[in-house]
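Enquirer: One line per chain: the protein sequences are A and B, in this order.
Mapping to the numbering used here: the first sequence position 46 is 46, numbers consecutive.
Mapping to the numbering used here: the second sequence position 68 is 68, numbers consecutive.
It is worth saying that the hints were derived from the structure and are not from the lab.
Each hint can be trusted.
Covered by chain A, according to a simulated footprint, are these stretches of chain B (three or more residues, beta-carbon under 8 Å):
{"no.": "1", "region": "48-55"}
{"no.": "2", "region": "103-111"}
Okay, derived cross-link-like pairs now, DSSO-like style, lysine-lysine, Cα gap no bigger than 27 Å in a straight line:
{"no.": "3", "chain 1": "A", "residue 1": "K85", "chain 2": "B", "residue 2": "K88"}
{"no.": "4", "chain 1": "B", "residue 1": "K107", "chain 2": "A", "residue 2": "K55"}
{"no.": "5", "chain 1": "A", "residue 1": "K53", "chain 2": "B", "residue 2": "K141"}
If you want the ones that stay clear, here's a sample from chain A, every Cβ over 12 Å from chain B, calculated:
{"no.": "6", "residue": "K5"}
{"no.": "7", "residue": "A7"}
{"no.": "8", "residue": "E41"}
{"no.": "9", "residue": "D76"}
{"no.": "10", "residue": "V78"}
{"no.": "11", "residue": "V79"}
{"no.": "12", "residue": "K89"}
Here the structure is a predicted model, which means the values were calculated and not measured.
Ideal placement from N, C-alpha and C gives every residue a C-beta, glycine not left out.
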Amino acid sequence: MNISKVAGKNNKHKVFVYALSTCVWCKLTKQYLIDNNIEYEYVDVDLCAEEDKQKIRDTITSKGGMLSYPTTIVDDKVVITGFRKDQLKESLEI
Amino acid sequence: MITLEEVRRRAEADAKTYGYYLTPQQDLLQGFLEGLKTNEDRYGYPLCPCRLTSGNFEFDRDIICPCDYRDPDVAQYGSCYCRLYVNKKVYESQNLPEVPERRPLDKQARAYGGEAAAKSTPAGGTQEKQPTTAKAESTVKKKLWYCKQCGYVVFREDPPYVCPVCKAKREMFAEIESSVEFNG
Numbered sequence: 001m002n003i004s005k006v007a008g009k010n011n012k013h014k015v016f017v018y019a020l021s022t023c024v025w026c027k028l029t030k031q032y033l034i035d036n037n038i039e040y041e042y043v044d045v046d047l048c049a050e051e052d053k054q055k056i057r058d059t060i061t062s063k064g065g066m067l068s069y070p071t072t073i074v075d076d077k078v079v080i081t082g083f084r085k086d087q088l089k090e091s092l093e094i
Numbered sequence: 001m002i003t004l005e006e007v008r009r010r011a012e013a014d015a016k017t018y019g020y021y022l023t024p025q026q027d028l029l030q031g032f033l034e035g036l037k038t039n040e041d042r043y044g045y046p047l048c049p050c051r052l053t054s055g056n057f058e059f060d061r062d063i064i065c066p067c068d069y070r071d072p073d074v075a076q077y078g079s080c081y082c083r084l085y086v087n088k089k090v091y092e093s094q095n096l097p098e099v100p101e102r103r104p105l106d107k108q109a110r111a112y113g114g115e116a117a118a119k120s121t122p123a124g125g126t127q128e129k130q131p132t133t134a135k136a137e138s139t140v141k142k143k144l145w146y147c148k149q150c151g152y153v154v155f156r157e158d159p160p161y162v163c164p165v166c167k168a169k170r171e172m173f174a175e176i177e178s179s180v181e182f183n184g
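So here's chain A without its partners, still in its complex pose (with noise of 0.2 Å):
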């Protein structure tokens, strides 16, 4: 699977998020963590193999996730579906 690790200032909280390389909520969550310093890991779910999608599904499912995109993990445990910034701002204290 390939995942990518973005650099950031702030590494308080582990964030993984679960995007498509096409899709512009997907983007902009990215690119909200990028202006907000958070370092963050990630995923493009369109373009990994079909076994990858598989683990992927059953992880996010395990977690209580919905199937959508982007789905935002933080610290293993908080599930946000969608690019919902006051989620994402309450969960990783910016």
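Chain A is already provided as a structure; the job is to place chain B on it using the hints.
Expert: Then chain B, alone, in the frame of chain A:
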């Protein structure tokens, strides 16, 4: 290869036909059109840029833009799931609503490994292993449906949410049962 301008013209024409507007925020609009173009270049049809696709035409048919869910979503929320198509009120206010995913889970699951995946998704989490042959099932069962109001006929897995001809709701669709008899 389709150009961005062609994608834009097609979306504008479709919005006009149905009385919708394209999203009022130009940077978003540009992003949606680019996503559609990327998917059309990649798969051969303009798949929804906001959803995970299987790359199998039959599985993806309901999320080819404009998707099956656009009309009921615009009617209920003022916008489609992506927020590419909006109604007049949203267009003028520029306040884009949150639109939850209407696509059924079993159809979403097809993007993650075919029918076998669809069966293991529902609550309960029993990940029963399907025989590998189950994954080979790459077609959907299509039926003939007709609109009881205007007579429009469609050959698809499910009837449309809204009749494209007379705008009747899904409840107005009924399956056409056909049988073949051999005599003599």
